[in-house]
Amino acid sequence: MLQHHILTILIFLPLASALVVALLPKGILNLSKGIALGVSLVQLVLGGYMFVRYQPSPGVHNINGFQFSERIDWIRLDLQGLGKLSTEYFVGVDGLSISLVLLSIVVLLVGVIASWSVEDRKRGYFSLYLLLNASIIGCFVALDFLLFYLFFEFMLLPMYFLIGLWGGPRREYASIKFFLYTLLGSIFILMVMIGLYASVIHPEATAVEMGLVGAGEFVTGEIIAEVQRLLQAGEIPADQMVKTFNLVYMADPANLVPGSFLDNDAVRMVMNYPARFLAFLCLFVGFAIKVPAVPVHTWLPDAHVEAPTPISVILAGILLKIGGYGLLRTAYLIFPDGALHYAWWIGLVGVISIIYGALNALSSQDLKRLIAYSSISHMGFVLLGLASLTAEGVSGAIYQMVSHGLISTALFLIAGVLYDRTHDRMIENYSGLAAQMPQYTVMVVIFFFASMGLPGFSGFIAEILVLLGAFGASTINGLLPKWMAIIAALGLILSAAYYLWTIQRMFFGKLHVKIQHGNNLPDLGKREILMLIPLAVLTLLLGIIPSTVLDLVNDSVTTFVDVILSTGMKNLQTP
Amino acid sequence: MTEILFYSFAFIAIISAFFILFTNNVLHAALALIITFLGVTALYVFAHAEFLAVTQIMIYVGGIVVLIIFGVMLTNKAGTSHYKTGSTHRFMGAVVAIGAMSMLIYGILKINFKAIERVGQGGIEELGVGLMTGYVLPFELAAILLLVALIGAAVIAGQDLKNTENK
Amino acid sequence: MAADLLTPLPCSNITLLALIALMLPLLSFLLNSGAVARYAWQASIAACFFMVLSSLISMIILVHVWNGTTFHTRMTWFVLGETGHTIGLFIDNPGALMIFLVTFISLLVHLYSTQYMKDDPGYQRYFAFLGLFTFSMMGILLADNLLVIFVFWELVGFSSYLLIGHWYHQAPAARAAKKAFIVNRIGDVGFILGIAVLWAQFRTLDLETLKEAMSSSSIQGESWVTSAGIALDTRWLTFMGLGIFMGAVGKSAQFPLQVWLPDAMEGPTPVSALIHAATMVAAGVFLMCRVVVLLDMDALSVIAVTGGLTAFMGAIAALTQHDIKKVLAYSTISQLGYMLMGVGIGAPGAALFHLFTHAFFKAALFLAAGSVIYALHQYAHRHQLAFDAQDMRNMGGLRAKLPVTFIVYLVATLALVGVPMFSGFLSKDALLSASFGWSEAMASEGHRWTYIVPVFAFTTVVLTAIYMGRQVLLVFFGELRIKGPADGLKESSHMIKFVLVVLGLFSLGIVWSLDPFDYHASWFLTLMPIPASSVPGLEVFVLDTARANALDSHTVVGLISIVLVLLGFGFSWFKYRPRASYALGYQGRAGFSFLEQLSFKNWYLDPLYRRLIVNPLMSFSRAASRTEKAIIDKFIDVTGVGSVIFAHIVGWFDRAFVDGFVNFSVFFAGKVGVLAKSFQYGKIQNYIILAVLSTILIILLIL
Amino acid sequence: MIPIEHYYLVSAVLFAIGLAIVITRRNAVLVLMGIELMLNAANINFIAISQHAGVPGQFFALFVIVIAAAEVAVALAIIIRVYRHFKTINLDEVNEIKD
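Protein chains in written order, with the numbering used here: chain B, 1252 to 1826; chain W, 27 to 193; chain A, 17 to 719; chain R, 3 to 101.
Misleading hints may appear alongside valid ones.
Below, a list of computed lysine-lysine pairs in the DSS-like style, where the Cα atoms sit at most 25 angstroms apart [as the list claims (entries may be wrong)]: (1) Lys417/A / Lys506/A; (2) Lys89/R / Lys699/A; (3) Lys417/A / Lys134/A; (4) Lys687/A / Lys699/A; (5) Lys110/W / Lys89/R; (6) Lys513/A / Lys417/A; (7) Lys499/A / Lys591/A; (8) Lys687/A / Lys645/A; (9) Lys1761/B / Lys687/A; (10) Lys699/A / Lys110/W; (11) Lys1277/B / Lys1373/B; (12) Lys417/A / Lys499/A.
Everything labelled a hint here was simulated from the structure, so no lab data went into it.
Just chain B, same shape as in the assembly (with noise of 0.2 angstroms):
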């Protein structure tokens, strides 16, 4: 029962609960954050169950490969020309996604207890919270296209009021580029998925409607098989075909129509340049957009400054990876052979936003904004493991989703502390801070160790993978070349760079603050050190026992490695 309805729970409960919170008398206002707090405690229960009751299994492309999994047919149409549309309600987890589910939840619940001193406008707050929530937790379960864009689409919303509204003194302008960089991305996506659907059909539904089975009746595998023969001879006509905006089936290029805009025997041209590429391509920069990759991130600063701190948290924490998940899901998944074909490229993107991003971070004057160029450096790391395409390379990626996303909502929660005490985040005008608030300090060092990849932290196994994976991709899969990971490793040394040197500049030295509240500096707080202290743990725990995400990962990344490059090679080959 819990099994199958695991997922829906989780982004239904936070769904309602924005439903109640929105309408709850004034007399009772407070009880919004009792609710936001309940509801993410409860999924952090629900999360540790899935932690516990999950199987490693692959997944990744096969269809009854997901655990937790849901289906129910969503939308049947009739489009008559067009085919037949169905979507379903499909959520399930495998593992390219189950350690980001866990990761949100616990960044989600972090998040709901640095927001306890919200009191302008609650209602509204946590409500928007709550509807994030739910939409977070939608788009890293949701397995058919156009459930996971609806859920990325939803994110948006409360995303642009809560920083437009509750954020800094830039708020506006920084919450409309968030919202057009985004808005400019889903259009790339919602492109490729408009010429995925008319080129994808769904082989159960199809087999049925072309009588091979009753309705109802269990498909078998030998039924689908027959189908996607026929399919492919050309044999099924326009009108039983069922078109789907199922991800599983996109992947397999035998669900793909033969001679439709994205089939890839016979390759369409568009502007002389194949359309499989293309909508590679398309998809590669909507989410890169996301991640955020050099030359697409300059929301991420801006959005990352005016916001406030626990949006921070949860933009760095979790919609960050909704990019790189985004690119494993679909992006690599369905058109392999554009993956191959552009790993060069990609890694390149990956390497200069590391150096790129490092060398923004080593001149940034504002804490927020160094940690903001910090966060595109390491996620280049995910986008170079990507390209590299090995097992260490991409198990890397995902670990460093997961590492980067508990040390930058730390690092965010961090900057935040200090800024709610004097509302000034200028390194220069801190000196000696490590005086005045000794254990502050010791956090500050502790995340910005972990941030720059020190052994024992999350952050060091994710690099190291990354750059083993980049560097021995040349003798794997020839895809990158090996300089890329040695350039890469150059931003090791960047990033130490510039954490120590705000280390050295704002907690060491004689004590010195050049604000007014300069004395009215007390040390952590209990709830602050309840927020970070979870986080400390979970981080070396990743850091000392990396086999607690590995062993979730390693199947699924296996099969996610090995299905995208026979299949990739297979496509590149079809003329």
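Using the hints provided, position chains W, A and R relative to the given structure of chain B.
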């Protein structure tokens, strides 16, 4: 013989129609209308449409004209000159009517009616069967239309009555 | 191939003991960082106790591996794809010796620190970090796997950062800590890349497995092919060696990354003794000894030359320093250069030997210097004097006031310089003969330039004698240069004296070899296995010849080195003796000649790096942020503003034309309506006339 | 057998007279009568053609009669209403449309 009868009935209908056109007395006009209808009814009979002829007499003569006479009576001011009325636009009326008639006659004379193939005579039996089979939907609709019209007429004419009573 | 070699190996008693020895310092770290401030003293005593236990355990381990057996325990850490990454403990002779060295010196430093640091507000933090450091250092020594070694490698850097920055409120300390970590990071990146090459080639980082895999690989033309058929260009073999060496360059402060070590003297003196003299900086040497069998000839030559060059540069820089600790720091750099040179010339045993002797006498020197500083500090404190307690210009004539310290200092100096009967002579003689033998062997192969290495090595012997002689003369002889009362300058507590004496004893040659003139008789070197290189294509016979040559020449070399030492001492006595012009004018010394400046400023490396690397990097960084603002954001903003302007234009067009058209239509329709209205006067019959007339007209027109 | 043209001619004449009545008479009831006359004229056509084309003509005629009946009922109701309002049914005087 039939021809003579036909033309005389046609003549009667036309003459009484002219009477309607020129008389000043509304009541007389109504009576002339009856004559016209009867003449037309005779034409129906000549065209072997006995059922229609009967219907024509029953509805037009028995129903519509009676209604009209009631209308005439209801709308005459008590005490004024009895049922007198006049005409306007005599010239334009003549022009338009003659024009229309010429057009019609011109059209009729141009049609070669001989070319029309005879497909059968509309017997009353055929009419009945048709009404209950192929034309049952328009038939029922016509019934509803009549009902609606009656209610509507009652509402339109009656509401004000209530208002005046209230006053 | 690799899979069967990577099977988990069970835990034995010895490895379990090693694990306990490893965990005790970690426990000490947790205890000290978690303890309430009130119990800081007790916690530090507990830390000392843990270290005692740890060194006892390491002695037990040492006894067990004495006869050459190795112990190896391994388990799977995490699995990636089909490849398992393992984690494990590996103990052989050098490893066990190193564990003993680290735990023992760490114990001594702990004991010393309980006195030296007792008034420091960061006492508790200090002991916590010492524990962390010892733990990480032992991790490097025990790990069986390059990845795990790298983990501890970085952790060592981290704890070094924390300890250098112990007095974080002083800006120089904070800067030095940062510099140390970043410079180490640069080396670490090389290390990672070296690891990456090995991983790409062999899919494992387990050292034992790597050795097997390396020997089963072969050079085919221009490519380096493993038994599994993975091929890389042979240049990557050299690259791998240099990459790992880069890690050692960073950690062991070799040219060109030696700049962090002098600055690291901002940390507390016991830390300098433990980390920046005896153990951490030696980690690079130890690592190179571990992986020397994986290095090819080119990499080895680079290592040899770098080591020799660093030895020379460090010695030159040590000649003119004023800070008592900086002299020792440059000396450490120089000695580390010797050790790495030893690795490069195929004498890792000698290198390790020197590491050991150096660890003791350099720790003795540092702690004795610490004792001097502490005494002067107390003295200054008592008499309310303000002077720099580390500056040799303020010292002189301390021989009488601090006799124990003086004797230990003298013994350690003689060991460092390489006077017979002291430990340094043995190990240095081993290295010098090896370098001589190596260059002879190489020259016979046509590489005559290799003579540069022994030239560096022998020059450094003279220089060492000069700067150490200078230091001893300036610190302990003559008169106290600071003006103040005569009382109050006295030897510190017994604990400090005890530690110094123990270290002094270990600097005597008799401890290491019964025959104090022949290093071959040393028990240490007999324990060292001669590494059988597994690198394909390596001209092993060269190294064999080198060893044979070294054996032949060591008597001559020993004599030469004695002569050189005497030369150096003579020079330094001549120049720096009490009442010589230098010593008399020393206190207010200013105005350097260029050569002295070159030495004092450590070859101008810092300004050079600032000019060549830091400044360009910062301007790159500023350029990036300008690019961000001026190009990318500007582009976005211009696009944004452009689209708003475009929207305005469209809006204007909309109002003027589209709306205008609509308005016009409405206006027109209205006018027409008004016109038409004039026809409307409520007469139905007129309408009918019009309608029919028009119908007729239309029909007429059609007809 | 009377030729169909003759029916048509009679019908045309009656239609024209009906039209003239509608246009020229002032009395609304008379206008109504004119309309009825026109409808009847049209009916003659249907009936006449039904001799040849069969029974559908008669159906149409029948429905025309029905509609005429309905129309008369509603129209008279309106006339009565107009009369109550204007106290006249003289179409010349019934014009509030004009401003």
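Right, here's what the structure says about each hint:
no., hint, result
1, Lys417/A / Lys506/A, "6 angstroms, holds"
2, Lys89/R / Lys699/A, "17 angstroms, holds"
3, Lys417/A / Lys134/A, "22 angstroms, holds"
4, Lys687/A / Lys699/A, "22 angstroms, holds"
5, Lys110/W / Lys89/R, "15 angstroms, holds"
6, Lys513/A / Lys417/A, "13 angstroms, holds"
7, Lys499/A / Lys591/A, "24 angstroms, holds"
8, Lys687/A / Lys645/A, "57 angstroms, violated"
9, Lys1761/B / Lys687/A, "84 angstroms, violated"
10, Lys699/A / Lys110/W, "20 angstroms, holds"
11, Lys1277/B / Lys1373/B, "10 angstroms, holds"
12, Lys417/A / Lys499/A, "15 angstroms, holds"
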